[in-house]
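As a plain string of letters, each chain reads:
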Amino acid sequence: MKTILYIIQKEFKQIFRNKGMLPIIFVLPILQLVILSNAATFEVKNIKFGYIDNDHTSTSRALVEKFNASTYFNVLTDFPSEALASSEMLKGNIDVILEIPHYFERDLQKEKYNSLGVTINAIDGAAAGVENVYVTQIIQRFNQNLKIDLLQVSDKQIQPITIETIPLFWYNETLNYKTFMVPGILVLLVTMITLFLSGMNIVREKEIGTLEQINVTPIKKSQFIIGKLFPFWVIGMGLLTVGLILAKVIFNVPMVGSLALMYFYTSIYILVVLGIGLFISNFTDTQQQAMFISWFFVVIFILMSGLFTPIESMPKWAQIVTEFNPVKYFVEVMRMVMLKGSGFNDILPQLLKTALYAFVMNGLAVWSYKKIN
Amino acid sequence: MKRFIGFIKKEFYHIFRDRRSLFILFGMPIAQIMLFGFAITNEINNVDIAILDHSKDTTTEEIINKISASKYFSIKQMITREADIAAVFQKGHVKAVLNFEKDFSKNLIKDNKATIQIITDATDPNTANTISNYVNAILQQYQKELNKDITIAYQIIPQTRMVYNPELKSVYMFVPGVMTIILMLVSAMMTSISITREKELGTMEILLVSPIKPIQVIVGKVFPYIFLSIINAVVIVLLSIFIFKMPVQGSLFLLGFESVLFIITSLALGILISTISATQQTAMMISLMGLMLPVILLSGFIFPISSMPLPLQMISNIIPAKWFIIIIKGIMLKGVGLQYLWKETLILIGMTIFFIGLSVKKYKIRLE
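For the protein sequence lines, the chains are G and A, in the order given.
For the first sequence, this note's numbering assigns the number -2 to the initial residue and increments by one for each residue that follows.
For the second sequence, this note's numbering assigns the number 572 to the initial residue and increments by one for each residue that follows.
The hints are simulated quantities; they were obtained by calculation from the structure and are not laboratory data.
Cβ coordinates follow ideal geometry from the N, Cα and C atoms, glycine included.
Treat the hints loosely; a few may be bogus.
Lysine-lysine pairs mimicking PhoX-like chemistry, simulated, CA-CA at most 20 angstroms apart [said to hold, decoys possible]:
| hint | chain 1 | residue 1 | chain 2 | residue 2 |
| --- | --- | --- | --- | --- |
| 1 | A | K673 | G | K16 |
| 2 | A | K662 | A | K673 |
| 3 | G | K203 | G | K7 |
| 4 | A | K740 | G | K313 |
| 5 | A | K740 | A | K642 |
| 6 | A | K740 | A | K816 |
| 7 | A | K816 | G | K109 |
| 8 | G | K218 | G | K203 |
| 9 | G | K245 | G | K175 |
| 10 | G | K350 | G | K367 |
| 11 | A | K684 | A | K719 |
| 12 | G | K16 | A | K770 |
| 13 | A | K627 | A | K637 |
| 14 | A | K914 | G | K88 |
| 15 | G | K203 | A | K673 |
| 16 | G | K10 | G | K(-1) |
| 17 | G | K175 | G | K(-1) |
| 18 | A | K719 | G | K313 |
| 19 | G | K203 | G | K367 |
| 20 | A | K719 | G | K109 |
| 21 | A | K677 | A | K627 |
| 22 | G | K63 | G | K42 |
| 23 | G | K45 | G | K63 |
| 24 | A | K662 | G | K350 |
| 25 | A | K684 | A | K627 |
| 26 | A | K573 | A | K784 |
| 27 | G | K313 | A | K647 |
| 28 | A | K677 | A | K715 |
| 29 | A | K627 | A | K681 |
| 30 | G | K217 | G | K(-1) |
Reference excerpt, derived from the structure (chain A facing chain G, CB under 10 angstroms, subset only) [to be verified]:
| hint | residue |
| --- | --- |
| 31 | S641 |
| 32 | A658 |
| 33 | V668 |
| 34 | N670 |
| 35 | I680 |
| 36 | M733 |
| 37 | S887 |
| 38 | N888 |
| 39 | K914 |
The shape of chain G in the complex, shown without the other chains:
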């Protein structure tokens, strides 16, 4: 036990001695949490809107005015021709073009029906879908006003059958993205720091040649490994703590569930990451290789965690791949406990899988460590 404590002490000293690393370990993640959480939003706002009004009547102007009044569309440009508008869209200066045809008002009064052209830049398919909904909504509302303006009062219609929907947004009524993203980004930062540090650590001793020295000392391998990894576990837990405080203070993220449960889960989760780091360390000869492999897995972990894109929309085989992604479980647990107040029983499946993962990963890591050295 004493030996382990000495190793831990030594490792901590080494970490704190490296002045170049300190800001990277302690400041960079916090800074990113605070800044980048604001970037992650799927809301579609500030749509750059252009229109071509070939009609120049009060109706066409009223329609454009509706778009002007909407908060979603913010840059309104009047283009004299379709060619000019298209060229601006090619340049990326315009997202949506509305084209009002000649004799728009006259035809509408005559036919009671008219169409107009909407062109949407659909490279980002999801955003284009939302933009389409906004445009349709505005035009529908305009249609309703038209009825009131143009129909005679006596011309009362039969009441159409309507199914009224009442949307209720539980746990996040204002649809605030930060509530959703801050816990997720915190998960990523904790994972990245602990994985990169542990993944590089032992391979560094190999590269510099000090690992051989340790192997000839009376320190047991298990003591060495625990002593090596413990400081990173502490750093991970520390980062979680600071992150949670900032989440509360800066972003006012609700914390409905039990903090103790959160810490308990995280304490096991970090063991998984450290196990992966150690395993990578064992199979590489240089820090560069270790970092490349860590990076490889981290990118997969991030993009397939359900943090930014939904897992249930992935193809079946990919969903199976995500079962092996520890970040997925951490993101789920963090959001469930913090935002919905899920309890121990609710997160039990994730907890068990994470614990099993930790057991297997560390077992493999220790086994391969003995075998290789």
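Let chain G serve as the given structure and place chain A on it in line with the hints.
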């Protein structure tokens, strides 16, 4: 010049001797682009929902059938009590509950009006909002069927045309992003340790006393990696064209030119990191911890930049990946040429010169 060529040769040998790293270097990007190209989508399909039907009549049954027939939803369970809603959300089993009011059909006949609550788990605001919109769209369609005898006067119908990606494929959005992230991070990581390694292993002093000029050292270090990255880029572009059916509407030559430019920008950024950090560990932590999340989040790869708060939109301008993503999408999907992309191209050239200039300056300081 001869000395310089000798130096480049030496660097090539160094890289090609390390087979394992090379294998990792080429294997990883291929594996990643395959995985992400197929898996990542921000479309919403097969969302698990639950139904709470207080009415259980023919109309609600019809609506439930319509919803379960759509590809967006799969009905995971039927619940019977309001109190169960919170429980299914807390377990994380479903993302939404549709709550039909009592006497749904009767109300529809009597008052021409009936109500459904769409209760969503809005911890994920995007999914919640989309679910709500999709349910509404299905219901509107259904209402149209019910109301087909009533003509509604004065209608303006928008004819929407989705350009550059008419089928709204999300692969068109993600493949350029994944290409960019892989190219940028692999390139920056490769060079970020090239000079620090010499410092750490003690061979830096030998370089310092050699007659090779700082600029030559830096260019010599970058040069072999340009080669490797170009191979990487070619493989990635071929995969995205042949496997993911990305179109190349514009000039393939321009795409090649811009890719090489972006690779050089990223390599130069790596060199800059290398000259300012003392150990390999620091260099790699800066290029991984420091670059990964900002590049993923601020480049427009997943999240639209125009929706971000203004200060972040300004910060996104210093992310080289943002400009390259605009360029790739422009060439591949819009088919535009340099006359539309000169600004982005100039920005990348400017960044490259800035990174290299700063590296040379920092490197000189260490000489003294």
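Hint check:
1. A:K673 to G:K16: Violated: K673 (chain A) and K16 (chain G) sit about 67 angstroms apart, past 20 angstroms.
2. A:K662 to A:K673: violated, 26 angstroms
3. G:K203 to G:K7: It holds: about 17 angstroms lies between the C-alpha atoms, which stays within 20 angstroms.
4. A:K740 to G:K313: holds, 18 angstroms
5. A:K740 to A:K642: Between K740 (chain A) and K642 (chain A) the Cα gap is close to 16 angstroms, so the pair holds against 20 angstroms.
6. A:K740 to A:K816: Measuring from Cα to Cα gives roughly 11 angstroms; hence the hint holds.
7. A:K816 to G:K109: Violated. K816 (chain A) to K109 (chain G) sits at ~44 angstroms, over the 20 angstroms cutoff.
8. G:K218 to G:K203: Roughly 14 angstroms separates the two Cα atoms, so the pair holds.
9. G:K245 to G:K175: Measuring from Cα to Cα gives roughly 11 angstroms; hence the hint holds.
10. G:K350 to G:K367: violated, 26 angstroms
11. A:K684 to A:K719: holds, 16 angstroms
12. G:K16 to A:K770: holds, 16 angstroms
13. A:K627 to A:K637: Cα-Cα ~15 angstroms, so holds.
14. A:K914 to G:K88: holds, 10 angstroms
15. G:K203 to A:K673: violated, 71 angstroms
16. G:K10 to G:K(-1): Judged against 20 angstroms, a Cα distance of about 17 angstroms means the pair holds.
17. G:K175 to G:K(-1): violated, 45 angstroms
18. A:K719 to G:K313: Violated. K719 (chain A) to K313 (chain G) sits at ~39 angstroms, over the 20 angstroms cutoff.
19. G:K203 to G:K367: holds, 14 angstroms
20. A:K719 to G:K109: holds, 17 angstroms
21. A:K677 to A:K627: holds, 11 angstroms
22. G:K63 to G:K42: Holds. K63 (chain G) to K42 (chain G) sits at ~16 angstroms (cutoff 20 angstroms).
23. G:K45 to G:K63: Distance of about 15 angstroms is within 20 angstroms: holds.
24. A:K662 to G:K350: Holds, at about 15 angstroms.
25. A:K684 to A:K627: The given pair, whose Cα atoms are some 17 angstroms apart, holds under the 20 angstroms limit.
26. A:K573 to A:K784: This hinted pair holds, its Cα atoms lying about 13 angstroms apart.
27. G:K313 to A:K647: holds, 17 angstroms
28. A:K677 to A:K715: It holds: about 19 angstroms lies between the C-alpha atoms, which stays within 20 angstroms.
29. A:K627 to A:K681: holds, 17 angstroms
30. G:K217 to G:K(-1): holds, 12 angstroms
31. S641: violated, 14 angstroms
32. A658: holds, 9 angstroms
33. V668: With Cβ-Cβ at 9 angstroms, under 10 angstroms, it holds.
34. N670: holds, 9 angstroms
35. I680: holds, 9 angstroms
36. M733: This interface hint holds because 4 angstroms falls under the 10 angstroms limit.
37. S887: holds, 8 angstroms
38. N888: Violated: closest Cβ of chain G sits about 13 angstroms from N888 (chain A), beyond 10 angstroms.
39. K914: holds, 9 angstroms
Hint check: violations occur at hints 1, 2, 7, 10, 15, 17, 18, 31, 38; the rest are consistent with the structure.
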